[in-house]
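Student: The chain contents come next:
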Amino acid sequence: MLQYTIRRLLLAIPVLFGILLVTFVLARAIPGDPCKAMLGEKATPEVCERFYEEHGLNDPVPVQFAVYMGKVLRGDLGTSIRFSRPVSIIILERLPTTVELSLAALTLAVLIGIPLGIISAVYRNSPVDVGTMVLANTGVSMPVYWLGLILAYTFALLLKDTPFWLPPAGRLSAGVVAKPFYEVFGWDVGTEGARYFVLEFFANMYVLNSLITRDWAVLKDALQHLALPAMALSTIPLSIIARMTRSSMLEVLRQDYIKAARAKGLRRHIVILKHALRNALLPIVTIIGLQVGLLFSGAVLTETIFSFAGVGRMLFEAITARDYPVIQGFTVVIALIYVGVNLLVDLSYVLVDPRIRLE
Amino acid sequence: MATSSEVSAAEIRPASLWRLTWRRLLRQRSAQVGGLILLLLVLTAIFAPVIAPYDPLEVLIGKEDVRKREAPCIHLLGCPPDKPQHIMGIDGNFRDVFSRVIYGTRVSLFVGFTTVTFAIIAGTLLGAISGYAGGWVDNVIMRLMDVLMAFPSLLLAIAIVAVLGRGLQNALLAIAIVSTPVYARVVRASVLSLKEREFVQASRALGAGHAHILLRRILPNALPPLIVQATLGVATAILDAAALSFLGLGAQPPTPEWGTMLGTERNQVFTAPHLVFFPGLAIMITVLAFNLLGDGLRDALDPRLKQ
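If you're matching them up, the sequences are chains A and B in order.
Residue numbers for the first sequence follow our numbering, so the first one is 1 and each next one is one higher.
Residue numbers for the second sequence follow our numbering, so the first one is 1 and each next one is one higher.
Don't read these hints as lab results, they were simulated from the structure.
For clarity, every value in this text was computed on a predicted model and none was experimentally measured.
There could be a bad hint or two in this list.
Straight-line alpha carbon distances no greater than 25 Å define the calculated SDA-like cross-link-like pairs of lysine to any residue that follow [stated by the list, open to error]:
hint, chain 1, residue 1, chain 2, residue 2
1, B, LYS68, A, ALA156
2, A, LYS42, B, ARG166
3, A, LYS42, A, SER84
4, A, LYS160, B, ARG266
5, A, LYS160, B, ARG166
6, A, LYS179, A, LEU95
7, A, LYS160, B, ALA71
8, A, LYS274, A, VAL285
Just some of the chain B residues that point at chain A, by a computed CB distance under 10 Å [what the hints assert, rightly or not]:
hint, residue
9, ILE141
10, ASP146
11, VAL161
12, GLY165
13, GLY167
14, LEU168
15, ALA235
16, LEU247
17, PRO273
18, ALA289
19, PHE290
20, LEU292
No residue lacks a Cβ here, since even glycine has one placed at the ideal position from N, Cα and C.
Please model the complete structure; the sequences and the hints are all you need to start from.
Tutor: Here is the structure:
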């Protein structure tokens, strides 16, 4: 398995190189002048000349790419033209938001989707099954941003004076501050270095952070703000997971060993959950892994609707503002996550089905 | 009355794959529903000028007694008969939302069909060459597809639109490029499994050229999975195009496009929810129709899955 992992990682290198190249070329191909985009239409040629020199934009494009590659390999993603701040710091602030949102959405999708799929398969063709499948079909057809707006309207306006009210925007209410757990514990981590990066990354996931610091007021506030975007983002994965669970379970439930297990007197729920689900899990795990890309695409839209300062929104703004380093840095990180998740999914097959040998 | 021995040869000729598929398709509940909705949508698109009470671009200010972003007025539901009927209300530019939603059908169906046609042609070409040639050609093409697939599709589409410039046409091209790898993979997989089959070997032994084998022998047999993928692909394309328009990158106002309509009025969701509700509903119904039809087609073309 270790050998397999290493080989997969090596195989990912050409793809990652391709990703870097595509992003670099795409970013350079975006029409318009980054100087004018950043410094305003009235920037004089002299000012722009200095701007190009500063950001290395005067070098031939292949040289720019080589310089860029060298920096990326050393972990330096450059400095945002728009914010004059290191791209890595911006990622550190934005990525946890999207990861938290995506994880919340995926958790909802798995926790609701799999049971729904099982129930549908077990009570095949019953009203429950038909209802679930109609909902699942509707779910995959729904524009995320539309659902988001409808949810915001329903929970923030219609249910305004009820306990079900939920905030329609932002990650925390005004005035609520999520103090990083390392500060609460009095750890001195400085403001750079790998340790700071890792700790800050987790601290920026507000739900996790407030769980660690046991700050229940912040936890409640963060969860309330997370609820609507997570619900909107989870619909499509939820529907897909429910459908896949159903068809995979149907496949397994027909088999003789299930009948045998029932015939020898095992309780139905034990047969379904232990014998059937375990064997139906493989395609479900695959489809869950495939949702990661969808979640990132959906995040752009969900973050727009709910004013969430995440990666998707940032990347969209960077593309519009021609902030090359940010575009490149964010794309590389997203693609890395993508490749990593696919590898994890493949590795998880061994856990799900011990017969599989990865070679 | 004819006995079984008198049945003519024509009648016992086995039904072709396509006829069998068609029959199975007609029996599928999801295909029935999806097909019916699609038929209605196509009719709506064709007869849009007849169905829509107003021109989709007509600004009604000064022509009728309407207020900006006025809620729907339906006579049957108690709206005073002396007021002009606007069953989906009025938008921020004093236009009839219903007429715009009706005309939007044209844009969305056009988007779905053109992008998928483009993606199929490009994907089939790449996948067929890749699978048939094998070796380094296969490697280069498929690694390129891997790179394209390593990006979340909407983000890649956004980046491509940023390069090409805003507008519906560029959004279409972006979505077509982003969806090409899927078709390339589907076709390549079919070609790989088909090219070693006896009937292809036979054709080769008879001296057929590569083009003949690929176009006349292999590709027709690779069609079923492609058709399923294409139907589901139209759904995705419509959804993605609407998303790009929603973000302001696709169709530009005043085009009656559902995503654009949603995007321009999204901040009014708390004051005029009808401006958000109806265009989104239209997107959902259209996408649903293609998804249902695609599911039905998959089951009809591959009966093993249904058992």
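Student: With reference to the structure, classify each hint as holding or not holding.
Tutor: Structure-based check of all given hints:
1. LYS68/B with ALA156/A: Since the Cα atoms of LYS68/B and ALA156/A sit roughly 24 Å apart, the hinted pair holds (cutoff 25 Å).
2. LYS42/A with ARG166/B: Holds: LYS42/A and ARG166/B sit about 23 Å apart, inside 25 Å.
3. LYS42/A with SER84/A: holds, 20 Å
4. LYS160/A with ARG266/B: holds, 19 Å
5. LYS160/A with ARG166/B: violated, 38 Å
6. LYS179/A with LEU95/A: holds, 18 Å
7. LYS160/A with ALA71/B: holds, 21 Å
8. LYS274/A with VAL285/A: Roughly 16 Å between the alpha carbons, so the hint for LYS274/A and VAL285/A holds.
9. ILE141: Nearest chain A Cβ about 12 Å off; hint violated.
10. ASP146: holds, 5 Å
11. VAL161: holds, 9 Å
12. GLY165: holds, 7 Å
13. GLY167: violated, 13 Å
14. LEU168: Constraint on LEU168/B not satisfied, violated at 17 Å.
15. ALA235: Holds, because the Cβ-Cβ distance from ALA235/B to chain A comes to roughly 7 Å (cut-off 10 Å).
16. LEU247: holds, 7 Å
17. PRO273: holds, 5 Å
18. ALA289: Check passed: Cβ of ALA289/B comes within 8 Å of chain A, closer than 10 Å.
19. PHE290: Since chain A brings a Cβ to about 8 Å from PHE290/B, closer than 10 Å, the hint holds.
20. LEU292: With a minimum Cβ separation of about 6 Å from chain A (threshold 10 Å), the hint on LEU292/B holds.
Taken one by one, the earlier hints fail for this structure at numbers 5, 9, 13, 14, listed in ascending order.
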